[in-house]
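A.B. asks: As you go down the protein sequences, you meet chains A, B, C, D, E and F in turn.
Going by the UniProt record's numbering, the first sequence opens with residue 1, and the numbers climb by one from there.
Going by the UniProt record's numbering, the second sequence opens with residue 1, and the numbers climb by one from there.
Going by the UniProt record's numbering, the third sequence opens with residue 1, and the numbers climb by one from there.
Going by the UniProt record's numbering, the fourth sequence opens with residue 1, and the numbers climb by one from there.
Going by the UniProt record's numbering, the fifth sequence opens with residue 1, and the numbers climb by one from there.
Going by the UniProt record's numbering, the sixth sequence opens with residue 1, and the numbers climb by one from there.
It is worth saying that the hints were derived from the structure and are not from the lab.
Source: prediction; values computed, not measured.
Take the hints with a grain of salt, since some may be wrong.
Unchecked claim - Below, computed lysine-lysine pairings styled on DSS-like, alpha-carbon distance capped at 30 Å: (1) D/Lys104 with E/Lys104; (2) B/Lys61 with C/Lys89; (3) C/Lys125 with D/Lys104; (4) C/Lys61 with B/Lys4; (5) E/Lys61 with D/Lys89; (6) C/Lys89 with B/Lys119; (7) E/Lys104 with F/Lys61; (8) E/Lys89 with D/Lys61; (9) F/Lys89 with E/Lys119; (10) B/Lys119 with C/Lys119; (11) A/Lys119 with B/Lys104; (12) A/Lys119 with B/Lys66; (13) C/Lys104 with B/Lys104; (14) C/Lys119 with E/Lys121; (15) F/Lys61 with A/Lys125; (16) D/Lys66 with E/Lys119; (17) B/Lys121 with C/Lys66; (18) D/Lys61 with C/Lys119; (19) E/Lys89 with D/Lys66; (20) E/Lys4 with D/Lys61; (21) A/Lys89 with B/Lys4.
To be verified - Label pairs and their computed distance ranges (CB to CB): (22) D/Glu5 with C/Ile77: 44 to 50 Å; (23) F/Thr2 with D/Lys125: 49 to 55 Å; (24) E/Gly71 with F/Gln103: 37 to 43 Å.
Note that beta-carbon positions come from the ideal geometry of N, C-alpha and C, so glycine has one too.
Protein chains: 6
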Amino acid sequence: MTIKERIEESETRQFKAVFPNTTNHYDTLFGGTALSLMDEVAFITATRFSRQRMVTVSSNKIDFTKPIPAGTIVELIGRVSHIGTTSLKVEVNIYIEQMYNYQKEHAIFGEFTFVAIDKNKDPVKITQ
Amino acid sequence: MTIKERIEESETRQFKAVFPNTTNHYDTLFGGTALSLMDEVAFITATRFSRQRMVTVSSNKIDFTKPIPAGTIVELIGRVSHIGTTSLKVEVNIYIEQMYNYQKEHAIFGEFTFVAIDKNKDPVKITQ
Amino acid sequence: MTIKERIEESETRQFKAVFPNTTNHYDTLFGGTALSLMDEVAFITATRFSRQRMVTVSSNKIDFTKPIPAGTIVELIGRVSHIGTTSLKVEVNIYIEQMYNYQKEHAIFGEFTFVAIDKNKDPVKITQ
Amino acid sequence: MTIKERIEESETRQFKAVFPNTTNHYDTLFGGTALSLMDEVAFITATRFSRQRMVTVSSNKIDFTKPIPAGTIVELIGRVSHIGTTSLKVEVNIYIEQMYNYQKEHAIFGEFTFVAIDKNKDPVKITQ
Amino acid sequence: MTIKERIEESETRQFKAVFPNTTNHYDTLFGGTALSLMDEVAFITATRFSRQRMVTVSSNKIDFTKPIPAGTIVELIGRVSHIGTTSLKVEVNIYIEQMYNYQKEHAIFGEFTFVAIDKNKDPVKITQ
Amino acid sequence: MTIKERIEESETRQFKAVFPNTTNHYDTLFGGTALSLMDEVAFITATRFSRQRMVTVSSNKIDFTKPIPAGTIVELIGRVSHIGTTSLKVEVNIYIEQMYNYQKEHAIFGEFTFVAIDKNKDPVKITQ
Numbered sequence: 001m002t003i004k005e006r007i008e009e010s011e012t013r014q015f016k017a018v019f020p021n022t023t024n025h026y027d028t029l030f031g032g033t034a035l036s037l038m039d040e041v042a043f044i045t046a047t048r049f050s051r052q053r054m055v056t057v058s059s060n061k062i063d064f065t066k067p068i069p070a071g072t073i074v075e076l077i078g079r080v081s082h083i084g085t086t087s088l089k090v091e092v093n094i095y096i097e098q099m100y101n102y103q104k105e106h107a108i109f110g111e112f113t114f115v116a117i118d119k120n121k122d123p124v125k126i127t128q
Numbered sequence: 001m002t003i004k005e006r007i008e009e010s011e012t013r014q015f016k017a018v019f020p021n022t023t024n025h026y027d028t029l030f031g032g033t034a035l036s037l038m039d040e041v042a043f044i045t046a047t048r049f050s051r052q053r054m055v056t057v058s059s060n061k062i063d064f065t066k067p068i069p070a071g072t073i074v075e076l077i078g079r080v081s082h083i084g085t086t087s088l089k090v091e092v093n094i095y096i097e098q099m100y101n102y103q104k105e106h107a108i109f110g111e112f113t114f115v116a117i118d119k120n121k122d123p124v125k126i127t128q
Numbered sequence: 001m002t003i004k005e006r007i008e009e010s011e012t013r014q015f016k017a018v019f020p021n022t023t024n025h026y027d028t029l030f031g032g033t034a035l036s037l038m039d040e041v042a043f044i045t046a047t048r049f050s051r052q053r054m055v056t057v058s059s060n061k062i063d064f065t066k067p068i069p070a071g072t073i074v075e076l077i078g079r080v081s082h083i084g085t086t087s088l089k090v091e092v093n094i095y096i097e098q099m100y101n102y103q104k105e106h107a108i109f110g111e112f113t114f115v116a117i118d119k120n121k122d123p124v125k126i127t128q
Numbered sequence: 001m002t003i004k005e006r007i008e009e010s011e012t013r014q015f016k017a018v019f020p021n022t023t024n025h026y027d028t029l030f031g032g033t034a035l036s037l038m039d040e041v042a043f044i045t046a047t048r049f050s051r052q053r054m055v056t057v058s059s060n061k062i063d064f065t066k067p068i069p070a071g072t073i074v075e076l077i078g079r080v081s082h083i084g085t086t087s088l089k090v091e092v093n094i095y096i097e098q099m100y101n102y103q104k105e106h107a108i109f110g111e112f113t114f115v116a117i118d119k120n121k122d123p124v125k126i127t128q
Numbered sequence: 001m002t003i004k005e006r007i008e009e010s011e012t013r014q015f016k017a018v019f020p021n022t023t024n025h026y027d028t029l030f031g032g033t034a035l036s037l038m039d040e041v042a043f044i045t046a047t048r049f050s051r052q053r054m055v056t057v058s059s060n061k062i063d064f065t066k067p068i069p070a071g072t073i074v075e076l077i078g079r080v081s082h083i084g085t086t087s088l089k090v091e092v093n094i095y096i097e098q099m100y101n102y103q104k105e106h107a108i109f110g111e112f113t114f115v116a117i118d119k120n121k122d123p124v125k126i127t128q
Numbered sequence: 001m002t003i004k005e006r007i008e009e010s011e012t013r014q015f016k017a018v019f020p021n022t023t024n025h026y027d028t029l030f031g032g033t034a035l036s037l038m039d040e041v042a043f044i045t046a047t048r049f050s051r052q053r054m055v056t057v058s059s060n061k062i063d064f065t066k067p068i069p070a071g072t073i074v075e076l077i078g079r080v081s082h083i084g085t086t087s088l089k090v091e092v093n094i095y096i097e098q099m100y101n102y103q104k105e106h107a108i109f110g111e112f113t114f115v116a117i118d119k120n121k122d123p124v125k126i127t128q
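Okay, chain A solo, but in the shape it has when bound:
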């Protein structure tokens, strides 16, 4: 596969319903839960692109543009955005989807950096 095809193939989606076990006392998705879901999606995207052992080394600026109310649906989409020699970056966007109409809005954007490691946890090259 070309790099472009591998990026398409490794795009990773996750729909979640915003139920009470994910919310804060404002009845919106707790920011920490959002970050946890984003890191999981980013990790899966990075792993499905490289098929190597990947670990998070950093997240860049993450913007929480809109609060996400209880009783909505969120869609997370992870996509490889940059491929370096030993690291790669994954963009994750979260969208709010209303349950009872077709309104869909962007809510959160973040970018995560991963490095590939071998069994001794030493960094190795990203397979290109």
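Knowing the structure of chain A, use the given hints to seat chains B, C, D, E and F on it.
C.D. replies: What follows is chains B, C, D, E and F alone, placed relative to chain A:
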């Protein structure tokens, strides 16, 4: 949108990493966790198709074809499979994806039935 | 013990309070949580009957007869319903119990099939 | 019902499988998880006895006699042990049940005190 | 370090926000969640004091003086209160802190006893 | 209180034991769990400084310097690092503490930005 387009549009995917908080003492995904994820994906699919208040009324036979080992990725795909007057059915398939190669296998199949209800919890017609 | 005594002995009960961490946005027990509890009770029942390594192979039709409101108590009861050569079936019923009066109603019924496996995960006979 | 019958009727059982999401780094049931399950069972027992709004006011000495290994089953049994004017006590015992033989041992004992409250959270008499 | 310094050094604090995934149907912190947090803080305190493998053997009387409302902050503080030959005791206090003013009140007090064990799970002396 | 005193007073600590329900398949703390804990500590710090309704608007670059092994203790420390007109920044550091010796290392650094809102969710000034 035609019914066919609505079915395409409401297809719902969820990738998850099989971490220790989801496994049983055999180090495979706990069956109850799999059922919980399937019901969530089925509920989101039904809601995104109908844009109505949907409640689960039954699940048909669910086949656990393969155990899902810890340290793999699962993909759940929900898709509307039948539309009745006041109920609809959603098929959910779970696939196991290896992390470090391209192997992907079917693991679990299930079908869930939902009815649409109004604010008084009385059944209403599915919008067609 | 006779088979009949083993069925009595392995009957498995689980009471749970329906707190916010188990509910959906309708303030009723999330269907996925109910399925997860049912599979756990069915697994324990099957294991306590056979004292062998058991894995879920399927669930038959599960009927969600009544929604289960937040602030109630549920009782799950698992009971072996059929014993085959290499598989057995467990029925699970969920009852809703009101907290502040003696009303108790049936809410969900399901049946789960298990097979016995050895250490190599090959099917073995159910001990009779 | 007599008090004795109400005590029998309100006895509350909960079986749980000791899976990785409940254990500590010694691969035994985390003490905090055990306490949380005990308080839930005690609360349900107190509520099912009195059919009144009950709140925990204290737990007496709780003895952790035996560690509970991962891959076992636990049974919790709650039973009203003392009835006062505005409070009652519930004993909770936890037993470890091996999965693959009939060995069953006592592991933890505790006693919890509850008071009945009205809607304004003022203490009221236990219905006798 | 002196014993007194080791007690100071091992004092262990944990702040938590009381979100819906920790509450009961009265919209207050579920008692079982409070006990679970207390045992975790007590375990960390005991381990940080002794730097040995510690296991909970009992909790003394725990007093739930005040219910803890949703939408508040709790602070848990663990502190070694007694050092025996093979066991030590840890006091844990929980305080409720209002979010939008400086009011802080004591809510729960408990004391936990730990013993030190070696790799074979046999009791050993507390390092003094 | 002066600003400096308010910063001291609102410093917020959280100790956690790294148990299996928080780890990934490498047996290290899952990055998403770390981010969730960091956001909770940052939110509590911001709220305790301002005593106003605070919402996360962004996180700056977060560096995961060291993986955090299962069976260790982590300490999170949140501290207000910048106070603007309608927003403030909170730094969160995570340290790994070994259980059985006194080694303590820095593992993760992040900075979170919060804004104060009123009951209509409109931004308001930070109380100075």
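A.B. asks: Next, verify each hint and record whether it holds.
C.D. replies: Here is what the structure says about each hint:
{"no.": "1", "hint": "D/Lys104 with E/Lys104", "in the structure": "violated, 46 Å"}
{"no.": "2", "hint": "B/Lys61 with C/Lys89", "in the structure": "holds, 13 Å"}
{"no.": "3", "hint": "C/Lys125 with D/Lys104", "in the structure": "holds, 24 Å"}
{"no.": "4", "hint": "C/Lys61 with B/Lys4", "in the structure": "holds, 27 Å"}
{"no.": "5", "hint": "E/Lys61 with D/Lys89", "in the structure": "holds, 13 Å"}
{"no.": "6", "hint": "C/Lys89 with B/Lys119", "in the structure": "violated, 38 Å"}
{"no.": "7", "hint": "E/Lys104 with F/Lys61", "in the structure": "violated, 34 Å"}
{"no.": "8", "hint": "E/Lys89 with D/Lys61", "in the structure": "holds, 13 Å"}
{"no.": "9", "hint": "F/Lys89 with E/Lys119", "in the structure": "violated, 45 Å"}
{"no.": "10", "hint": "B/Lys119 with C/Lys119", "in the structure": "violated, 52 Å"}
{"no.": "11", "hint": "A/Lys119 with B/Lys104", "in the structure": "holds, 23 Å"}
{"no.": "12", "hint": "A/Lys119 with B/Lys66", "in the structure": "holds, 27 Å"}
{"no.": "13", "hint": "C/Lys104 with B/Lys104", "in the structure": "violated, 46 Å"}
{"no.": "14", "hint": "C/Lys119 with E/Lys121", "in the structure": "holds, 27 Å"}
{"no.": "15", "hint": "F/Lys61 with A/Lys125", "in the structure": "holds, 23 Å"}
{"no.": "16", "hint": "D/Lys66 with E/Lys119", "in the structure": "holds, 16 Å"}
{"no.": "17", "hint": "B/Lys121 with C/Lys66", "in the structure": "holds, 11 Å"}
{"no.": "18", "hint": "D/Lys61 with C/Lys119", "in the structure": "violated, 41 Å"}
{"no.": "19", "hint": "E/Lys89 with D/Lys66", "in the structure": "holds, 18 Å"}
{"no.": "20", "hint": "E/Lys4 with D/Lys61", "in the structure": "holds, 27 Å"}
{"no.": "21", "hint": "A/Lys89 with B/Lys4", "in the structure": "violated, 36 Å"}
{"no.": "22", "hint": "D/Glu5 with C/Ile77: 44 to 50 Å", "in the structure": "violated, 21 Å"}
{"no.": "23", "hint": "F/Thr2 with D/Lys125: 49 to 55 Å", "in the structure": "holds, 52 Å"}
{"no.": "24", "hint": "E/Gly71 with F/Gln103: 37 to 43 Å", "in the structure": "holds, 38 Å"}
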